[in-house]
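Please construct the entire structure, taking both the sequences and the accompanying hints into account.
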Amino acid sequence: MEFLRPATWREALAVKAAHPEAVPLAGGTDLMVEINFDRRRPERLLDLSRLTELRDWHRESDTVRIGAGVPFHTVIDRLAAELPALAMAARTVGSPQIRNRATLAGNLGTASPAGDAHPALLVAGADVEVASARGTRTVPVEEFFLGPKRNALAPDELIRSVAVRTATGPQQFAKVGTRNAMVIAVCAVALALHPDTRTVRAAIGSAAPTPLRAREAEKFLNGVLAEGDHWATGRPPPPAAATRFAALVAAACAPVDDVRGSADYRRHAVRVLARRTLDRAWRARTSTEGAPA
Amino acid sequence: MGVVPPPAGLTQRGDTAPDASGGIGESPHRPDGVLKVTGDFAYASDLWHEDMLWGHTLRSPHAHAEIRSVDTAEALALPGVHAVLTHADLPAATHYGLEFTDQPVLAGDRVRYQGEPVALVAADHPETARRAAARVRVEYAPLPVVHDEATATAPDAPVLHPDRDDHHAAHVPHPNVVHRQPVLAGDPTHAVADVVVRGDYTVGMQDQAFLGPESGLAVPAEDGGVDLHVATQWLHVDQRQLAPVLGLEPERVRLTLGGVGGAFGAREDLSMQAHACLLALRTGRPVKMVYNRHESFFGHVHRHPATLSYEHGATLDGRLVYVKGRIVLDGGAYASSSPAVVGNAASLGVGPYRVPHVAMEALALYTNNPPCGAMRGFGAVQACFAYEAQMDRLAVALNMDPVELRRRNALTQGDTMPTGQPVDAPAPVAELLRLVRDRPLPPPRPWEVDGGVDPRALPGGLARSSLGEGIVRGVGYGVGIKNVGFSEGFDDYSTARVRLAVVGGEPSATVHTAMAEVGQGGITVHAQIARTELGVSRVGILPADTSVGSAGSTSASRQTYMTGGAVRHACLAVRAEVLRLARDRLRRGERVDWRGDEAAWNDPGLRLVGGEVVTPRGEVLAALADVLGDEAIERELEFRHRPTRPFDRATGQGPGHVQYSFCAHRAVVDVDVELGLVRVVELAAAQDVGRALNPRAVRGQIHGGSAQGLGLAVLEEVLVGPDGTVRNPSFTDYLIPTILDTPPMPVDILELADEHAPYGLRGVGEAPTLSATPAIVAAIRQATRLPLTRVPVRPEHLTGT
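In the order they appear, the protein sequences are chains A and B.
1 is the number of the first residue of the first sequence in the UniProt record's numbering; add one for each residue after it.
1 is the number of the first residue of the second sequence in the UniProt record's numbering; add one for each residue after it.
It cannot be assumed that every hint is accurate.
[Claimed, not checked] Here are some, though not all, of the chain B residues that point toward chain A, as calculated from beta-carbon distances under 8 Å:
#: 1; residue: R130
#: 2; residue: G460
#: 3; residue: G461
#: 4; residue: L467
#: 5; residue: R640
#: 6; residue: L715
#: 7; residue: R727
#: 8; residue: T732
#: 9; residue: D733
#: 10; residue: L735
Calculated directly from the structure, the hints in this document are not laboratory data.
Where is the CB? At the ideal position from N, CA and C, for every residue including glycine.
This is the structure in structure tokens:
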């Protein structure tokens, strides 16, 4: 196994162009498990951990740009106000030691259907900045996940950063695992209210081949909220509508039966979480903005 | 050159407090504690020899298959490979086993479980060994898989061990039954009850989940023998099984204990021991083997999964009339300790209750599932889950408080077990239940703090699945009975060598045993015993090895009783010799400065305290260092508990057990009833320990056992498919409790002496593992109103999905 350690981002891109099969290594919390358990033996590892420029994050006008080397603990410590759903999701990743090393970009690179960050990115709105020696392009996070552990990166591309839209309203993330900590998601739901556009976004994780937005449910709820003038009045959506919304989120699932949970349970739990996250988010909106008359 | 060993010769002082002696009844610090917390403790996986090779095991991917051919040529051709061994290369005995000699060292013409060792490689790098193993070509022809009672005992079932010659072979109902034990008492056929409840229960396969995987280092010796440094539970039973396999006299198979990272039963069978020794003897080089977590799941036995059917009959005022039960344990591909597990399940199957009429039956199957054997609780855990569920069911049928029902039927000293064995030591079952019931309940809604929500106090924790939504509280109780020590006529003994001499002007004791310190704190207790009996402060503990007699297994809650008893026994012999020496010197007129006349020196109540010879009235006669002078006094003695006898094959009658241990639990749970997630809020325990030699260690055992019971209740299961393959061999998917799953565990300790045991003590380690599980499940039942007949309880069971 060849261990490649580029000193600069430009060099990293050149190495990746020359060796498209080289597997990028940042925190190593996914990759090293695969290697240690002999499930994967890449011929070349491309170590990005020396590239300090990847560890930066900064606020832009309406987004936060997170470098590919930023670990989850930074998201939790520094970005919880701007990116609440992502910070909540980050808090459920592994153990403190894992969160110190594991990166947001690594989560995207692995593209597991159970990746904790993904539903949060989907509801917040995010663009993945990917680069190669050929140039740089931006992939909306909705288009990034192609299948279980498959993403939109070309063989010579690396993730440079993720630009996540700053929250304009309450966001929620909730996940089900069969243990009370350090557990891979059986399923997860993220939900964001966007008062600026008067829309709601909902996304599911670990309940379909890829993380995905529950667009039918969003459309239904957006219609209900518009029709009932809920954005202006602040009144919560009617319980029957919230129930219907939760059922539509569950209907977006295409889960599997596996050792972590049955498909039926995943559908059921996504429905419960969808209802809970909607209620929580709407309650938070009411309490932060005061109860309109 | 030489082995870099784990820390040896741990010298301990009684250093907890200025006025403490560090003797029994105190809680001196364990000498390995700080090392383990700081990461400095050397585990067997840290063993190193400068010219060592690395061993690797090739394992079967099939649960049941014929081996048509094995071709090692390609593996041997790989540079760096020193040896590849298959069944055909075995030099002597080809099989081993704890009770039956039925397990192949390497599979011959047939594999019987997924992960069965087929070939071994020694190479100069672990990666090379792994690659070489992948180049061994094995041609398998899959066979039909036997995976439960129906498939194992069907008329056309494949017989897994067609040539059985073990001592149970002649009287089992089917060759795929390892052992069957009935227990009959009273007249169960004609017993009539006012109220009858029936239930069928299932217990999943639990893993011991020790944190330090199987590991050891075998070093070939100049005399043609081998020195094996290994993490094990019982050095001498390893030696007994290894010698015939290696074709060596036992004296030339020398074992030394490596640093052990937990055991819980999983190290009672051989894992890599024979393999590393065979490779070392073949190559003439030291060979190290270390399993990773994945391999570890295939490298040791698990707890027997079980199906249990019970019928309980009682009077209207809640007195048990009869219990009928049938317990089917899945022993997997090889016998391991299944026969003894069957004996426990059958003889302890009605629980700590007085039952006039009993018809119990327990049996273990041979299947193509992973082999099952010893795990903390050993057959009593499975039964306890079922009989305690039955007691709750009976309480509902009688409209009676579940604790009151248990107390009305609680076993007590003077009662008789269904085996006919009298309970001749304290059995405070009712009192233990009272203690846990009378504790104040933890406050409701613990997640509400300062007007906000702390998700860590909720089911799901920081995953925020609930912020208070859907939570229902439940409370449940459980109590259990576990035997202590090896039962059914086994010649169970332990050996200790104790030496007393003056070192640097101070009398010092050295204790040498072969007891496997697996984390239970035995070496701390040995030093405490030596301090108490010999009145010294400084005690050295020599590394455990086979140069001293067997200590028996670190299992069955037996080591403080047995090796603690042996240390005490040897100390008393040393003390007697010290006093004889003193009297000799007095008689010869050597020490006229000593106090006391001949009568005082002949007082049988003389003790050694604080480095002095002291009379029963506390007068100091002489300094121990003066009495010893240049002499070193050493005694090696064996200690036995009172004998037991096998259970009658047809009736289960007989004094089969040494001692019983009792623990009761009250569990308080918060259940998210919509998502089926559970948080155990509090798990209170009460246990009679006879005498707490080290109260802190006793509490640690109760906490640890309770946590393991919690794991079985809501988390831990090795999932095996109908094809016999394991679906979750990793700590990613085999979930053990984290600190956020482990609640406060208040403990009440009773100390009612058992006059038959050293210091009146009672084995502690297993009883808390039994009752924690049923107490938690009872609490979940109360919260959800669901019958819940299976552990672990999964979210699917609570949500009907």
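- Task: Hints the structure violates: just list their numbers, smallest first.
- Result: The structure breaks only hint 5.
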